[in-house]
Amino acid sequence: MTRVVVTGVGTVNPLARSAPAFAEALRAGSCAIAPLTVFDTTGFRSRIGAEVPDATPPATLPGPLRRRISRADVFALRAAIEALADADLGRTVAPERLGIVLGGTTGGMLRAEACLRERMTGARRRYRHSALVATPVSASADLLATVLGLAGPRLTLSTACSSSANALGVALDWIRLGYADAVVAGGTESLCATVFAGFNSLHALSRTPCRPFDRRRDGLSLGEGAAIVVLESAERAARRGARSHAEVRAYGTSADAHHLTAPHPDGAGAVLAMRRALAQARLEPEDVDYINAHGTGTPLNDAVESVAITAVFGAAARRLAVSSTKAAVGHTLGAAGAIEAVATIVALRDGFVPSTVTLEEPDEACGLDLVRGQGRPARLRWALSNSYGFGGNNTTLVLGRA
Amino acid sequence: MPERASVVVTGIGVVSPLGSMPAFWERLTRGADGLGPLEGCDAGPAPPRLGAHVREWDPRAHVPAALLRRMDRLSRMIVSACRMAVADAALDLAGGGAAEIGIVVGTAYGNVSESEQIIRGLVTKGRANPLTFPNTVLNAHAGYAAMDLGLKGPNLTVARGEASGEGAVALAHDMIAAGQADVLLTGGGDEIAPILFHVFKDLGLLSPAGGRGGREWSSPFDRDRNGFVMGEGAAILVLERREHARVRGARVYAELAGYATQSVPASPHDWPAPGAAAPDELVRQLAALGWHAGRGTDLVISGANSTPRLDAFEAAHLAALLAPAAGRTLVTSIKGSVGEFGAAGALAAAAGALAIHTGEPPRLGALRAPDPTCDLRLATPDCIAPAGGFDHALVSITPRGGGCLTLLLRCP
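Chains as they are written, first to last, in this note's numbering: chain H, 208 to 609; chain P, 5 to 416.
Chain P on its own, in the form it takes in the complex (with noise of 0.2 Å):
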């Protein structure tokens, strides 16, 4: 049987479309939302023209000014992210405290904003900016956070689609399990940019989808839900062996018990079909871990992104998931607060741990009227959280190419 390291979460540190802690977490349990005009993506009078970008952040506040000065934005993002999660685990990371300290960033797309205007000038004018190029490789962030903080542990970046957050994550579990490390920070980042807007939007993914009607909005789980609204951000979680945290006295958000995957069959570049395949590894491999439907008080943080497609598999998957507990157990998704992106599992991530320490859940504030054909129980705007608060938070991801990821975190 696979080794079981007990890895916890003391530290959390957001840049989100509803801002950074402690108003993120206050917002998305209200169900409020980031969405607004989309901005520099040349989005033209008619819908899709909302985006959900990040707000008040000021990367000044958190990462020094030499040092920022040649960080591209999603860098920043993260850098300032990881700062902040050092706070709040009162990480001291002084005297040599970060030589053995890593970082497992995740993020689908990376610095695409930069890697699309060096494409331009290389049309236009032939010759790339030596300036930006070094910032375009996919872990200039991780780079950069390790610089900024003095990180010499592993350094590892992720790319796994819509679960780039997750799979960053579930790899750095991996790491303390394996005993890379004892401390991880993890999480990930992604930003909006022109090029993905284009292509989003052509290929019709985006609420209102392929100006079929509808208003544009996004509403995971939604009868009318009609694509997804893109978003950007970042969340980085301290991770770090149970015993390790013990011995500094940190204070503990939750158990990350660890997590599960099943390949459902699915084309390489689409969401698979409702009802692809019956979650039976998912369900073998949490048992493993120690969870099992109905034997407590959960709750799920679906990837559900408002597309038709995704939110029916998600629908159908986790009520098979969770049967026979599928109509008491809370299911909840981020996505109609901050849009959808590559590593908006990062803030699942953090929100699953938020809602173990604090008993609320993410509302699905959007939410008028629940796909009749989804069978579970939705934590509607006005849902009431549990009096005993939750013992699991399940993270639950499919990206498209059909890798479905389940991260377990559990009361500790």
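Chain H on its own, in the form it takes in the complex (with noise of 0.2 Å):
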């Protein structure tokens, strides 16, 4: 089995603006949910979420590609640019070899939103099409492959909440597989309007900043941002001499079979990605020190995803540090999996658990060592990430210290 590396990291996101400032604010124990200003949220339920400050497009971008391009299309650029010099590939990769593969949900649908407003109320008779190229959320790859000169195969996932946990995955694959050198994997998300009135139909937001298995805890905290890595064999790192944050050794992915939303009540799905990702790592569940849970804060999510770390893990479940970023930077659907799979990269590299930063009274019916306050110091072998998705759709990767 080909050893695959992380020889790069970059992210924006609610937390912070770069991967080094990322790792610190997490041992910090800082959260970044708050009212939100990107799109007005009178008269919802929920009126708060984890916004990236500055949206502002690299000052490098082609005036005409600044106009049009997305929120997310500019975060995911700005965490390519920066995994890209942290891998510092030089010549050593040739163009054609490398690959993109980034997960989202909603795209461009911020500034599609703005556009069919104007047309509904009459401010303007056509479509702004110039705003709405970049509406499709496959936008994204293709702006990074053709600004960053990422010439090899060009893939965009959209599984929901799993969607670049699986671009990981998917990344990893190509890898091993020979396709490509090295891939350039991630995923992005803006906040918008749309998914924010539709989690807030469906009593899924809470009221104050979300608290992932927290006793009391009432809903899920919308978040946006990107993450991006940049993976390659250990071979290749090594030869080239670049420095590996961590390994991707695995990835595990499943279908409830269920139902659109709701999780299968005893977390079947999870338990059977949870399983694959073991079973393809060759790993045993003792062999895993951290799991960085999905832990949406949502009475039902949390629940079974603890039920399934209890029945895939057995009395190894006690002995493992689970905890859920969530808390930090929201819920950022689409990105989700690759921020938290930043997160976790940090954790094995650095040696420490983050924490989750707003739990206050740990539920015990979950069963878990849950990490809160401001992390713990541990030197961390193997871990998790969790990510599931609307469609019912279960994805876990297993990550390693290089």
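The set of hints was computed from the structure by calculation and includes no laboratory data.
One thing to keep in mind: the hints can contain errors.
In silico SDA-like links for lysine to any residue, alpha-carbon gap of 20 Å or less [unchecked claim]: (1) P/K129 with H/R254; (2) P/K129 with H/T248; (3) P/K129 with H/L409; (4) P/K129 with H/F251; (5) P/K129 with H/R326; (6) P/K129 with P/S117; (7) P/K129 with H/E325; (8) P/K129 with H/M327; (9) P/K129 with H/G329; (10) P/K129 with H/T267; (11) P/K129 with H/G250; (12) P/K129 with H/T249; (13) P/K129 with H/H466; (14) P/K129 with H/H410; (15) P/K129 with H/A445; (16) P/K129 with H/L272; (17) P/K129 with H/F246.
Pairwise CB distance ranges (calculated) [unchecked claim]: (18) P/G44 with H/R450: 34 to 42 Å; (19) P/G393 with H/R331: 49 to 57 Å; (20) P/L71 with H/E491: 35 to 43 Å; (21) H/P242 with P/A27: 53 to 61 Å.
Nothing here was measured: the structure is a model prediction, and the numbers come from that model.
Even for Gly, the Cβ is constructed at its ideal location relative to N, Cα and C.
Using the supplied hints, reconstruct the complex from the two chains, each of which is provided in its own coordinate frame.
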């Protein structure tokens, strides 16, 4: 089995505008959930979320593109520029051997909403198509491929909240299958009114910053941002003297085949994803030290995920650390898998367990070692990152210390 | 070198403007089209006012009523196609057989009509409909397919613009090659929706483009082509590891040998200019899969969509890809028959497998005067199928953004 490592990381998220700053904020136990300003939340049950404070496109981008690209495109581009600079591939990889696979769910929806509003209210007679060309969720990968010269295989996955976890999994397969020498993989998501109103209508949003695994948890907080990693084989990384942040060992993916939005009550799909991931990684449950949980903060998700973890890990469940970094950056939907993978990667690299920063009264019914407060120093060997999405799909990544 | 998984196509299900199987294939090879008056888009009296809507399709014949009630229209199309493909492949999903089977679907825009309604509700009433919101997630159809058929394997949805169908089939091939599954349903679907119509119209992409006259039609590679006609539909293929198919004695339409990709310089939001790059990388990757121009009797199903720009690109691109056999290799497109939509490539992939299986090509039924700059042997309405059938079918797509992809199907 070819070892695949992360040689570059980049992120733009509500907590930080770079990967080093993100690692620092995770250690410090910061929370970025606050009143939203990116759209009007008047009349909604909840009025908070986690926003990226600055969505300015990189100064190097040509003018016409600066006007066309979406907020999600900006996050992806900035995170990818950081990740590629960090990987410092130089001329070691031919452009056609450099792939890109991203995950996302709503693409340029925020601008599409504004365009539709203008036309409906009569402010304009036609759509501003220059503002709509970047609406499809696939636009970010096309932008990054063309602007950054990533001329290898290109793909966008949209599996709701597991999108970018799957993107990392596909990138891993591509390296192992020899389709690319290096792959830029990750996810991006921008807040938009449609999704906020949708979750609000489902009574899934909390009025206070989400509290995953807390006894009093009552819903999630939405967020936005991007995270990008550069993957390549450990052999290639060693040959060119690159630093490895962590290993991407395996992924497991499954469907609940149960309900479009509610998880299976026994967590059957989540169990299947974790078991498939461990089997592909050739690891035993005892080998795992930390799980970065999906942990949205809805009563049902966290209960079912706890049941699933207990089912997979049995007695070992009590000695592995569990946390949800959604308490810090919100639920970033299509970017969540990648942002949480980066949180896990820096935890493995720097030797600490990020906490669930808003957790005050751990839900005893979960039966897990729930990390709270400022996080804790720990030398981790293997970690899982869980991501579950609408449509009933579940993905677990297995990440390891380099 | 990459591992090579031998992957075969053992089932096909189609919901399209030409109907379902077997009518879809009979009409496509005859060069018939599914174009008619555009419905539900407030098109107005002046062109463009044509669309290629799905027809001869009753989802109640395929999907149980309890699930059907909750599903959006695109999900109904895709799940119907899944049901047809599973039946066609004689896959036994009972007794836990579905637990290891997955699905990989491509869609460019997903359930865009209900997404638009939600935004309208937001603007007018300040709230979203909790009953329709879950259906607007881009992968709703794959979730419904899993629920309907009990599929607990990988459940992935791919968006890749006009290459969404081909992109899904390519990823499904990867998943089987990587050992993530032995059997996958794959393909895709997209639907006609008002917002897409108005945006494409305002962009001047629809026939007759920008009101510059000429008749409203869809005729890829024609000298007088003047824009695309919006279409919709879904196609699902059953892809299976060859050994798995052999053990269960499945009928095999074609082998999916693999795919090749190349990024051609383009704006991220437009098709590349004709001749933007030689297809060197595609040639190299196809050669690694064992394909060489002129070494057999081949068919190319191009993504040419009757727009002046894309068809000119495809003509030059394919002439270079097929050299020195460009004059001998039959080239066609299905978009004169089914219109243009994100996942049309799922139908093209199905057509590629059927062409290998039957030896017949889809014909360019609308073609009157081939573009004189197009140096290809086109599948004219009266063209004769090769006596010995096809050795290979290449499904070639160039989406906006320049991420070219070519699927390679071959005789099993």
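Structure-based check of each hint:
1. For the given pair, P/K129 sits about 17 Å from H/R254 by alpha-carbon distance, which is consistent with the 20 Å threshold.
2. Under the criterion of a C-alpha separation no larger than 20 Å, the hint pairing P/K129 with H/T248 is consistent with the structure, at around 13 Å.
3. Only pairs whose Cα atoms come within 20 Å are accepted, and P/K129 paired with H/L409 is accepted, the gap being roughly 16 Å.
4. At roughly 12 Å between alpha-carbon atoms, P/K129 and H/F251 fall within 20 Å of each other, so this suggested pair holds.
5. For the given pair, P/K129 sits about 16 Å from H/R326 by alpha-carbon distance, which is consistent with the 20 Å threshold.
6. This hinted pair checks out: P/K129 and P/S117 have alpha carbons roughly 18 Å apart, not beyond 20 Å.
7. A threshold of 20 Å between alpha carbons decides the hint, and for P/K129 with H/E325 the separation of about 16 Å falls inside it, so the pair holds.
8. Only pairs whose Cα atoms come within 20 Å are accepted, and P/K129 paired with H/M327 is accepted, the gap being roughly 13 Å.
9. For a cut-off of 20 Å, the pair hint linking P/K129 to H/G329 stands: about 17 Å separates their Cα positions.
10. Between P/K129 and H/T267, the direct Cα distance comes to roughly 41 Å. Violation of the 20 Å bound is thereby established for this hinted pair.
11. A C-alpha spacing of about 11 Å is found between P/K129 and H/G250, which places the hinted pair at or below 20 Å, so the restraint holds.
12. As the CA atoms of P/K129 and H/T249 are separated by approximately 12 Å, the hinted pair is consistent with the 20 Å bound.
13. The straight-line distance between the Cα atoms of P/K129 and H/H466 is roughly 28 Å, outside the 20 Å bound, and the hint therefore fails.
14. For the hint pairing P/K129 with H/H410, the CA-to-CA distance comes to about 17 Å; that is within 20 Å, so the pair holds.
15. Between P/K129 and H/A445, the direct Cα distance comes to roughly 58 Å. Violation of the 20 Å bound is thereby established for this hinted pair.
16. For the suggested pair P/K129 and H/L272, the alpha carbons sit about 34 Å apart, so the restraint of at most 20 Å is broken.
17. About 16 Å separates the Cα atoms of P/K129 and H/F246, which keeps this hinted pair within 20 Å; it holds.
18. The supplied range of 34 to 42 Å is broken by P/G44 and H/R450, whose beta-carbon atoms lie about 56 Å from each other.
19. Distance hint check: the CB atoms of P/G393 and H/R331 are about 54 Å apart, consistent with the given range 49 to 57 Å.
20. Distance hint for P/L71 and H/E491: a CB-CB separation of about 39 Å, consistent with the stated range 35 to 43 Å.
21. Our hint of 53 to 61 Å for H/P242 and P/A27 holds, since their Cβ atoms are close to 57 Å apart.
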